[in-house]
Amino acid sequence: MVSLPRLVVAAPSTGQGKTTIATGLMAALRSAGPHSAGRPGTGLSVSGHKVGPDYIDPGYHALATGRPGRNLDPHLVGEDLVVPLLLHGAAGADVAVVEGVMGLYDGRLGADGFASTAHVATLTSSPVVLVLDVAKLSRTAGAIVAGMAAYDPAVTVAGVVLNRAGSDRNTTEIRRSIERLGIPVLGALPTDARLAAPSRHLGLVPAAERDVSVAMIGHLGEQVARHFDLDALLAVARTAPDLDAVPWDPAAVVSPPGGARPVVAVAGGRAFTFRYAETEELLRAAGCEVVAFDPLTDAALPPGTSGIYLGGGFPEVYAGELAANRALLRDLRNAVRSGVPTVAECAGLLYLAESLDGAAMADVVPATAAMSERLTLRYPTAVAASDSLLARAGEQVTGHEFHRTRTSPESGAGAAWTIDGAPTGFVGDTWHASYLHVHWAGHPHLAQRFAGAVHRATPHARTSDEAAAPATVLPDVLPEPLRHHGDTEVGAGLADFAVNVYSGDRPAWLDRALHRAVDASASYPDVVPARDAVAHHHGRDTDEVLVTAGAAEAFSLVARLREWAEPAVVHPQFTEPHAALEAAGHEVTVVLCRPEDGFALDPAAVPDAADLVVVGNPTNPTGVLHPAAAVRRLLRPGRLVVVDEAFMDAVPGEAESLVAEPLDGLLVIRSLTKHWAIPGIRAGYVVGDRHAVTRLADLQTPWAVSTPAIAATVACTSDEAAAEARDRAVVIAGWRDRLEQALRERGIEHVPSAAPFVLARLGAGAREALRSRGVAVRRADTFPGLDRSWARIAVRPPHLTARLLTALDQLPRA
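Sequential numbering from 44 applies to the sequence shown in the working numbering.
Keep in mind that the hints were calculated from the coordinates and are not lab data.
Do not take every clue at face value.
Pair ranges (Cβ atoms, derived) [as the list claims (entries may be wrong)]:
1. Pro518 - Leu635: 21 to 27 Å
2. Thr183 - Asp400: 42 to 48 Å
3. Pro522 - Thr419: 50 to 56 Å
4. Gly225 - Asp569: 23 to 29 Å
5. Ala565 - Ala747: 16 to 22 Å
6. Arg369 - Ala335: 16 to 22 Å
7. Ala565 - Arg369: 36 to 42 Å
All values reported here derive from a predicted model rather than from experimental measurement.
C-beta: ideal position from N, C-alpha, C; glycine also.
Using the sequences provided together with the hints, build the complete structure.
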């Protein structure tokens, strides 16, 4: 008998907030733990589980618990394995939280609730905590709970938590309606826009894709801890009886075919986030070494690859980026064609196809793939169509399909499976590709066969032409260094640390706004809503705001504002203001911030005669955040001070910003393109001295700002955007801290940064050497005041930064 406190989080239907509540509960228990746990403030070890085949929610569970998210699905693995898999996944945990699927009693259609949340709760003898969205309910909530609790006597509804609770008065009414049933209400979570997980065309965005996921889950855990009775919830979990079962053990169902441990390359990163934890555990138990690689950033398969596993994900979202990484596609194609055993499920099938939505892929599977209007969602039993790498003709497996793409043709001459009498998928002599996801714990013979083939395979070796440096070579001398930008540094197969645009996805709310704007582009643009939104966002009057086509247009307007007698630009900084002034016929005075002073701003270094002063804060490329007091000291009668705050939204709390201060002679320029990853939209604005803003508006060409840029400006200055921007700034700061720590550990001189990039003195020739190793950084000698020994490194997530650090470690040291 095994003791495991546990509970199931369920709901009457999809959309009630199960993922929000379950993930928040996991985070709350892990972070603080209930007072009655005997270890106040130390937290509990929490194991997260998901009913059904879904890969996405377990990604959130993993972030919340610090342990792999697990699935419990009777259809995929059989009823007898549900409890052993639960005990395996929860080994060493203080409590297990199981998130349900759909409505409590909703299961496989036509199967009387088979594989439903209620079915799994019954199999695992787990009490149920019901989540109820009460945003539009009052006493009827009690009737819903009564019906849910009474429907099946085998299911124990031990408590209720309320989601999106409104006023205290209505919440009290709801509590009374439920507690009269003898079922306690264990918490009520108020409406909070920051807790909403974004949608994707197939569901939730995977946690690995959301760079603000950690911050969001932290906030969610805090809210759950504040509004729920954790002691009572843990008491419910402790009512679960002991389980009479042996934990699942991968070593009991597969064995190593040989003594060596060949490498199985497993696709990961943002485009390939879907695979069951047990798959890798089975491969390791079968004597394989599992090594992850990122198809978006890695230039080659891991050294010594003898097998390849391409799981699920969203490659259609990243088709352009995947196609751009030609070096890896070539390496993958050669590996598969040379006989390296390869399994591809769903996303993997698309990646091996000839093309995906017109973007060239690996060209292994003889088919093209494209998005379709129809969602394929089924829970089938599949029959092997022929002998293959994984299966033998006539064998049956259970699996699931969940995709909105189609291949043409739908199957090859050698089909992978037959489902409902129709062939589907593709097989070659040593590869197997289909849409079907299979949980190998339920079919361990698949893992054993794959591992056997991997042990027999010859490790893949890259050919000399594949290992060569990227073909794109940048000129050593640039004709217009002030016009050089980071986007020209990148190329196919290069990991991008050169472009200072946020590397994550755009938020769903911004994508929706942009799509609506395109639909509305038949009319001339109306900039008034964007101007009003910016004014509201910063607490300024509307006549103090000018919306522009990015910061670049604003700098051009400033350059043409008047016949400047002595315009001064504080360098090193973004070179566009300097270039715009020269283009307008002005001779620019350069004021240098020096490395020996930490590139700090010295207001006294600016000539008294300067009637225009342009300074960045935080400055590109140094990342230095100048004190607002120092910038204010630049102000004086007859002088216009222009502060480029393009990266201020990446500074937690926007410390030292002057955008909210109505000061005579001050203009603040903001760009939305960097923080929100929309450089192609060209959205920005000017805030400040109303007389200067009026004169700039007079110079602006009519309809200079496009309808999409207007929509982006409105969306990115909303309250929802402000909350996400704060979270994103914290995440970026964490990435930057880790990068700077790594640079310190390697003895690499760099400038402490407050921006989403770091200026580092790598040494002359280092940029070119990094490029030959597949990493692009921004050259810095085009910024006045810097030389070839400096490079600007864009801040990236840790898994990408690891590639930069590997390349840095390969550089010769002086």
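Practice prompt. Look at the Cβ atoms of Pro522 and Thr419 and judge whether their distance stays inside 50 to 56 Å.
Written response: The hint (50 to 56 Å, Cβ to Cβ) holds, given that Pro522 and Thr419 are roughly 53 Å apart.
Worksheet item: Has the hinted range 16 to 22 Å been met by the Cβ atoms of Arg369 and Ala335?
Response: 21 Å, holds
Worksheet entry | Outcome of range test on Cβ distance (Pro518, Leu635; 21 to 27 Å) | 26 Å, holds
Fill in: Range hint compliance [Cβ, Ala565 to Ala747, 16 to 22 Å]
19 Å, holds
Worksheet item: Is 23 to 29 Å right for how far apart the beta carbons of Gly225 and Asp569 are?
Response: Given about 58 Å between the Cβ atoms, the range is violated.
Discussion item. Can you tell me whether the CB distance of Ala565 to Arg369 sits inside 36 to 42 Å?
Written reply: With a Cβ separation near 38 Å, Ala565 and Arg369 satisfy 36 to 42 Å, so the hint holds.
Discussion item. Between the beta carbons of Thr183 and Asp400, is the distance compatible with 42 to 48 Å?
Written reply: 45 Å, holds
Comparing the model with each numbered hint stated earlier shows that hint 4 is the single one that does not hold.
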